[in-house]
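**Q** Sequence:
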Amino acid sequence: MERCEALQVLKDHKIRVTAGRKALLEEVFRRDGAFSAAELHRATEGVDLATVYRFLNLLVARGIARALRGPQGEQFFEKACVHNPVHPHFLCRKCGSVFCLPSAPLDVSLPGGGGFLVEEVSLIVRGLCPSCRDS
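First residue of the sequence shown: 1, per full-length UniProt numbering; consecutive thereafter.
Quick caveat, the hints were computed from the structure, so don't treat them as lab data. Given the structure is predicted, the values throughout are model-derived calculations rather than measurements. Please note: incorrect hints may appear among the correct ones.
[To be verified] FRET-style restraints, in silico, Cβ to Cβ:
{"no.": "1", "residue 1": "Arg16", "residue 2": "Gly96", "range": "16 to 22 angstroms"}
{"no.": "2", "residue 1": "Pro130", "residue 2": "Ser103", "range": "20 to 26 angstroms"}
{"no.": "3", "residue 1": "Gln72", "residue 2": "Asp48", "range": "47 to 53 angstroms"}
[To be verified] No farther apart than 25 angstroms at their CA atoms in a straight line, the calculated lysine to any residue pairs in the SDA-like style are these:
{"no.": "4", "residue 1": "Lys94", "residue 2": "Lys11"}
{"no.": "5", "residue 1": "Lys14", "residue 2": "Lys94"}
{"no.": "6", "residue 1": "Lys22", "residue 2": "Arg3"}
{"no.": "7", "residue 1": "Lys11", "residue 2": "Gly46"}
{"no.": "8", "residue 1": "Lys94", "residue 2": "Gly46"}
Glycine is no exception: its CB is placed at the ideal position from the N, C-alpha and C atoms.
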């Protein structure tokens with residue numbers, strides 16, 4: 001799978017480029033699924049956890065990443081780019097795992113035929129993953 005170029009994305013979104021931010025965004029773009037801030041922190045050396053959270057929140061605010069709530073209320077993130085279009089997720093209520101599901105066409109008909117500005121559509125399926133269901 002192709003990836004977006006971290007340095008170019010930072011410049012395009014007018015985000016000050018630092019070695020830490022570039023390393024974090026490269027790691028975000030390397031990932032294919034949802035991840036926690038702690039997972040991103042462990043994968044990048046020399047960047048403290050508070051910086052990771054601040055940067056992820058900046059990415060979400062700029063539309064470079066998406067945030068979603070896990071089964072116990074914890075926050076997960078994923079890249080939001082052409083290589084990862086909006087899609088539904090399955091959240092296991094027992095182990096807390098987040099699984100990306102294939103995209104499906106979604107027809108959203110809003111009342112009144114106009115005037116609405118849709119900023120986010122979220123589809124989350126909750127239940128037990130195969131490992132937790134069988135245990």
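**Q** Give a verdict on every hint.
**A** Quick rundown of the hints versus the structure:
{"no.": "1", "hint": "Arg16 / Gly96: 16 to 22 angstroms", "result": "34 angstroms, violated"}
{"no.": "2", "hint": "Pro130 / Ser103: 20 to 26 angstroms", "result": "21 angstroms, holds"}
{"no.": "3", "hint": "Gln72 / Asp48: 47 to 53 angstroms", "result": "24 angstroms, violated"}
{"no.": "4", "hint": "Lys94 / Lys11", "result": "41 angstroms, violated"}
{"no.": "5", "hint": "Lys14 / Lys94", "result": "40 angstroms, violated"}
{"no.": "6", "hint": "Lys22 / Arg3", "result": "14 angstroms, holds"}
{"no.": "7", "hint": "Lys11 / Gly46", "result": "22 angstroms, holds"}
{"no.": "8", "hint": "Lys94 / Gly46", "result": "33 angstroms, violated"}
When held up to the earlier numbered hints, the structure conflicts with 1, 3, 4, 5, 8 and fits the remainder.
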